[in-house]
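Listed in order, the protein sequences are those of chains G and D.
First residue of the first sequence: 10, per my numbering; consecutive thereafter.
First residue of the second sequence: 54, per my numbering; consecutive thereafter.
Hint data in this document are derived by calculation from the structure and do not stem from the laboratory.
This structure is a prediction, so every number in the text was calculated from the model and none was measured.
Keep in mind that the hints are not guaranteed to be accurate.
[Claimed, not checked] Sample of chain G residues at the chain D side, in silico, Cβ under 7 Å:
(1) Ile58
(2) Lys78
(3) Ala120
[Stated by the list, open to error] Lysine to aspartate or glutamate pairs mimicking DMTMM-like chemistry, simulated, CA-CA at most 20 Å apart:
(4) G:Lys187 / D:Glu161
(5) D:Lys212 / G:Glu41
(6) G:Lys187 / D:Glu156
(7) G:Lys78 / G:Asp56
(8) G:Lys11 / G:Glu41
(9) D:Lys212 / G:Asp146
Even glycine gets a Cβ: it sits at the ideal position worked out from N, Cα and C.
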Amino acid sequence: MKALRDLFLTFFKIGTVTFGGGYAMIPALRHEIVRSRGWMNEEEMTDCIALCQSLPGALMVNAAVFIGKRMGGNAGVVSALLGMVVPAVASILLILIFLERFQQNPYLAGALAGIKAVSVALIGVTAWQIARSTVKDALGFVLAIGAFVLVAFAHWSAVWAVIFSGAAGYLSYLFLRKRREEKK
Amino acid sequence: MIALGMLFLIFFRVGLFGFGGGYAMLPLIYQAVQTFGLMSPDRFSELVALSQVTPGPIVINAATYVGYQYAGVPGALVATAGVVTPSVILVYLLLRFLTRFRENPVLEGVLGGIRSATSGLLFAAALLLAQQSLLFSSGQSWISPAMFAAGALLFGKWKVNPILLTLLGGALGAAFIK
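Model the full assembly from the supplied sequences, consistent with the hints where possible.
Laid out in structure tokens, this is it:
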């Protein structure tokens with residue numbers, strides 16, 4: 010029971026204090042799961058992010074299901090998902106029910122600007138940390154830069170970067186295997 | 054009942070085909086709103102603004118919003134359940150696949166490629182957010198860039214809790230950015 014409660018609370022915490030969804034939530038996810046809870050190590054976390062972004066659907070919803078299932082089976086999935094979804098649903102419902110029209114408040118706008126400035130730093134640092142642990146050879150370097158350019162400057166969907174890099178990883182596996190066989 | 058069932062299916066479809074999450078899924082939702090007349094399309098811009106200032110995944114915010122406009126609280130819950138269900142099914146399939154093919158060199162190869170690309174995608178996300186928030190544009194006061202620098206240092210070097218930094222950023226922003 011305690012494990013389920015912890016799963017719910019962890020995702021509830023991440024789901025409550027991160028704005029803008031998706032990539033903006035990864036720094037908090039990594040910090041809570043790897044450093045605070047110790048449920049996964051850095052490598053497992055990176056794989057979790059890499060895999061969850063390869064599937065359709067919201068990245069953080071996928072991650073909640075992924076981690077919930079690993080840590081607590083089906084009940085774990087329910088706990089983690091509820092933790093992730095409840096703040097998002099509740100905040101919208103509260104605003105819709107109690108405020109007729111959403112009003113642009115200068116303090117709210119300032120708070121958002123501040124959160125965005127910090128988020129850019131958090132995502133950038135996380136990107137750097139993941140690059141240091143995953144980019145080990147020339148191919149990795151090319152794929153990281155390629156994905157960055159494709160999405161940031163050519164404005165392609167991240168899906169293509171995932172598909173291309175997966176295919177490149179597969180081809181490099183084939184190439185290395187062939188070279189190993191030739192040596193023998 | 055039929056209306057709620059349809060709402061579930063519409064959002065199930067969004068969850069199933071919405072690659073890239075978040076902003077990448079909003080056009081899909083807009084299309085569904087127009088095709089099925091779920092709410093008046095001009096409220097869609099309000100939805101986009103609202104999903105930015107409310108916590109949690111944008112897709113969940115959007116499903117709740119559209120579902121509520123269409124059928125009240127039951128609609129909000131049904132639409133949210135619809136958009137989440139494909140994730141549950143697909144991640145279950147993925148985990149089953151992973152346990153079966155663990156240690157498989159082909160999978161390791163593919164995953165190795167995607168791992169490397171992940172950092173590039175994160176850098177892209179950071180850059181796009183910086184552009185969108187005009188963080189480094191010329192008319193901007195020095196407060197946002199200073200908060201960016203402080204955030205990078207505190208998180209990167211001293212490993213301060215990112216949730217705490219986010220809250221601090223919000224508080225300082227409310228006080229000093231107008």
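Right, here's what the structure says about each hint:
At its closest, the beta carbon of isoleucine 58 (chain G) sits 6 Å from a beta carbon of chain D; the interface hint therefore holds under the 7 Å criterion. At about 6 Å, the closest approach between the beta carbon of lysine 78 (chain G) and any beta carbon in chain D falls short of 7 Å, and the interface hint on this residue holds. The interface hint given for alanine 120 (chain G) is met, as the beta carbon of that residue sits about 4 Å from the closest beta carbon of chain D, less than 7 Å. Restraint check: the Cα-Cα separation between lysine 187 (chain G) and glutamate 161 (chain D) comes to about 16 Å, which is no more than 20 Å; the hinted pair holds.
The straight-line distance between the Cα atoms of lysine 212 (chain D) and glutamate 41 (chain G) is roughly 12 Å, inside the 20 Å bound, and the hint therefore holds. Taking the CA atoms of lysine 187 (chain G) and glutamate 156 (chain D), the gap is near 19 Å; set against the 20 Å cutoff, the hint holds. Under the criterion of a C-alpha separation no larger than 20 Å, the hint pairing lysine 78 (chain G) with aspartate 56 (chain G) is consistent with the structure, at around 15 Å. Distance hint between lysine 11 (chain G) and glutamate 41 (chain G) is fulfilled; the C-alpha atoms sit about 17 Å from each other, no more than 20 Å.
Restraint check for lysine 212 (chain D) and aspartate 146 (chain G): not satisfied, since their Cα atoms lie roughly 27 Å apart, outside the 20 Å limit.
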